[in-house]
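Undergrad: Going down the list, the sequences are from chains A and B.
Following my numbering, the numbering of the first sequence begins with 32 at its first residue and continues without gaps.
Following my numbering, the numbering of the second sequence begins with 15 at its first residue and continues without gaps.
Okay, the calculated bits of chain B under chain A, using three or more residues with CB under 8 Å as the criterion:
| id | segment |
| --- | --- |
| 1 | 38 to 52 |
| 2 | 118 to 124 |
| 3 | 267 to 281 |
Capping the alpha-carbon separation at 20 Å, the derived lysine to aspartate or glutamate pairs in EDC-like fashion look like this:
| id | chain 1 | residue 1 | chain 2 | residue 2 |
| --- | --- | --- | --- | --- |
| 4 | A | K296 | A | E247 |
| 5 | B | K101 | B | E140 |
| 6 | B | K138 | B | D109 |
| 7 | B | K108 | B | E126 |
| 8 | B | K108 | B | E140 |
| 9 | A | K174 | A | E267 |
| 10 | B | K138 | B | E29 |
| 11 | B | K101 | B | E235 |
| 12 | A | K141 | A | E130 |
| 13 | A | K321 | B | E66 |
| 14 | B | K48 | B | E66 |
| 15 | B | K202 | B | E137 |
| 16 | A | K174 | A | D164 |
| 17 | B | K138 | A | D415 |
| 18 | B | K138 | B | E235 |
| 19 | A | K419 | B | E126 |
| 20 | A | K419 | B | E220 |
| 21 | A | K419 | B | E217 |
| 22 | A | K296 | A | D346 |
| 23 | B | K129 | B | E217 |
| 24 | A | K398 | A | D383 |
| 25 | B | K48 | A | D310 |
| 26 | B | K202 | A | D415 |
| 27 | A | K141 | A | E182 |
| 28 | A | K321 | B | D56 |
| 29 | A | K321 | A | E282 |
| 30 | B | K48 | A | E381 |
| 31 | B | K129 | A | D415 |
| 32 | B | K202 | B | E220 |
| 33 | B | K48 | A | E320 |
| 34 | B | K108 | B | E137 |
| 35 | A | K321 | B | E51 |
| 36 | A | K291 | A | D261 |
Hint data in this document are derived by calculation from the structure and do not stem from the laboratory.
Ideal Cβ positions, reconstructed from N, Cα and C, are used throughout, including at glycine.
Each chain, written out:
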Amino acid sequence: MSPVIMGGEQFGERMNRRVGWIVGLLVIGGVVVASGATPSSATQDVPSDLATSVQAAVSTGIHPNVIATDNNTCFACHTRTGLTYELPSGESIPATIDEDRWLVSEHGQKQMACVQCHSGISQYPHETNIATDLRSFVVDESKVCVRCHEEQATMVSDSVHAQARAGGNQNAATCSDCHDPHYAVNPPISRMEVPATCRECHSGIYDLYEQSVHGEALTTGNTEVPTCTDCHGVHEIQGPDNSPFRLFSPEICASCHADKDLMGKYGISTNVFNTYVSDFHGTTVLLFEKYAPDQQTDKPVCIDCHGVHDIIQPDDPRSSVFEGNLLATCQRCHPDADANFPTAWLGHYEPDPHKWPLVYYVTLFYKILIPTVIGAMLLFVLLDVFGKLRRRRQHG
Amino acid sequence: MAERYSRFNLSDRFEHWVQVVSFTVLALTGLVQKWPELGLTDTIINWLGGIETTRLIHHVAAAVLLLAVVYHVGTAGYRLYVLRQGKLMYPNMKDAWAAVHAVGYNLGLRQEPPKEGHFTFAEKAEYWSIIWGTGVMAVTGFMMWNPIATTALLPGQFIPAAKAAHGGEAILAVLAIVIWHVYHVHIKSFNRSMFNGSLTRHEMAEEHGRELALIDAGQSEVSRPAVGAIEKRRKMFMPVYALIAIVLLGGVYLFLTFEQTAIVTIMPPEQVQIYQPVTTTLP
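Whole structure, please, built from the sequences with the hints as guidance.
TA: Shown next as structure tokens:
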């Protein structure tokens with residue numbers, strides 16, 4: 032099947048709307064009309080000398096900083112509603128651009144030329160050696176972003192998405208999956224919009240997040256709670272399988288939960304991190320972070336007990352760390368544990384005479400015993416040294 | 015050659031050096047776990063090959079110390095029951111007075127140092143401290159090593175309490191060795207009896223004046239039983255100890271293998287399909 036420009040009636044069938052907007056410009060770039068032609072005239076008929084004109088325009092060189100082809104040339108065709116481009120796979124690329132929205136977008140305001148990104152188009156009819164299916168097309172098109180957004184692209188290259196794609200997973204997100212190149216404004220994605228953006232591919236995780244203490248707060252307008260990118264990073268997005276992400280995740284939680292000002296607003300204790308690190312599990316994780324950051328430990332991090340995306344308040348009966356659910360949570364790693372076992376973990380509390388008196392008094396006992404015994408020993412030894420010196424002086 | 019006075023036989027010295035090695039290893043591998051944030055910990059844990067190896071070494075040294083305890087039950091039991099020498103190590107009022115006397119001597123209130131018996135009050139204090147300390151460390155160590163078994167009988171709080179006691183006792187033990195033992199055995203005068211088993215007459219006069227006087231008078235702190243009686247009790251003791259040793263060794267084996275506390279794999283914290291493209295739009 033050869034690519035053809037099709038009419039509006041065939042437009043938009045089960046098409047990812049965003050992808051459509053992104054890729055529309057591909058086609059635009061090639062539709063270059065003769066100098067002086069107006070968009071209104073071009074929407075009806077493609078001028079016969081178009082191909083020649085395109086060649087003339089691009090011969091000056093299409094480069095990010097060289098605007099060789101006026102956008103109006105592209106818009107002459109690509110503002111027509113229902114414009115699509117059919118790929119060999121049978122999938123269609125929506126190719127219509129909403130010029131008004133484009134003009135107020137970040138790229139539009141910067142007067143970017145269509146052909147700066149759609150640089151593969153240099154003639155009309157357009158080149159046909161583009162991707163054979165829609166997903167490959169989207170991935171290919173996103174490769175041009177690095178020309179201007181090098182810093183972000185470098186970060187992306189270390190991301191779980193880039194690694195997945197390198198491993199052959201075409202579904203892994205690329206630039207335009209998150210950032211609409213035609214209509215995105217600055218800042219590109221607000222905190223409120225982040226989870227919905229990730230939801231496009233991770234709807235299962237989104238559904239969990241939406242019910243979580245963090246997700247619930249965000250949907251009611253509280254932007255102080257973490258969104259996806261606060262934990263996973265923005266462009267250098269990390270997942271649990273590809274990195275020391277799990278090992279270092281307590282630091283991520285601590286970045287908010289050890290912040291006295293932030294936690295003070297919600298009446299949440301900031302001792303959670305200290306008490307974790309001073310316990311066996313946390314000490315081990317801390318030591319792994321320091322000495323073996325590339326290795327995993329089987330000791331739990333915050334999310335192993337509290338849950339990951341569906342994390343909720345510990346006093347909520349649905350929480351995995353709610354008193355009644357704690358044993359089952361411990362048993363995930365300690366299958367033989369029974370009723371008394373969960374209180375071997377002090378629940379992030381510092382021992383005091385009322386909460387965990389035994390631990391408190393044992394600690395107190397040693398706080399008194401150690402200085403008393405060692406003090407007495409030191410005193411005795413120093414007296415002996417003193418006596419020896421005194422006698423030596425007396426007897427020469 | 016100067017006259018020498020026997021202090022420790024080969025078996026005693028063997029016990030001592032096993033103790034020295036296991037104690038040192040336990041202290042080194044334990045304190046770094048107590049203070050993971052210290053700079054020196056970095057060096058030691060790296061040198062030992064990581065925290066998991068450090069813990070393994072700690073556990074091996076603990077097992078060695080437990081075996082030394084089983085052995086000591088035999089040697090101490092032999093001295094106590096067969097040789098009837100218990101009196102030598104029991105603390106008594108003479109020890110208390112010797113301590114007071116020593117302080118008075120150092121303050122210039124007394125002209126002569128205390129004259130002590132076979133074991134000085136400083137030695138007895140150290141011995142009983144080690145008995146106490148090893149007991150605390152073994153019990154609390156068992157609790158931390160086997161938290162599921164422990165909490166089957168005791169409230170969960172006993173585990174962190176055991177950890178607090180284990181850490182506190184460790185500090186106490188290490189400081190006591192560094193201050194008390196090192197001073198009395200190495201600094202005050204270098205006591206070589208754990209190397210060669212004996213002391214010189216001069217050293218005996220300095221450290222064990224009362225015992226030396228008794229030896230010179232042909233007497234002893236403890237009356238030595240008749241050979242026949244020793245032999246009779248020895249025949250009784252050996253099989254009983256063999257039985258006790260078997261039970262204790264079984265206990266050590268249990269100590270080390272009592273429970274599988276946790277799985278060793280990493281449980282995925284969440285079961286969710288990662289890639290799940292959206293099918294509905296948000297409200």
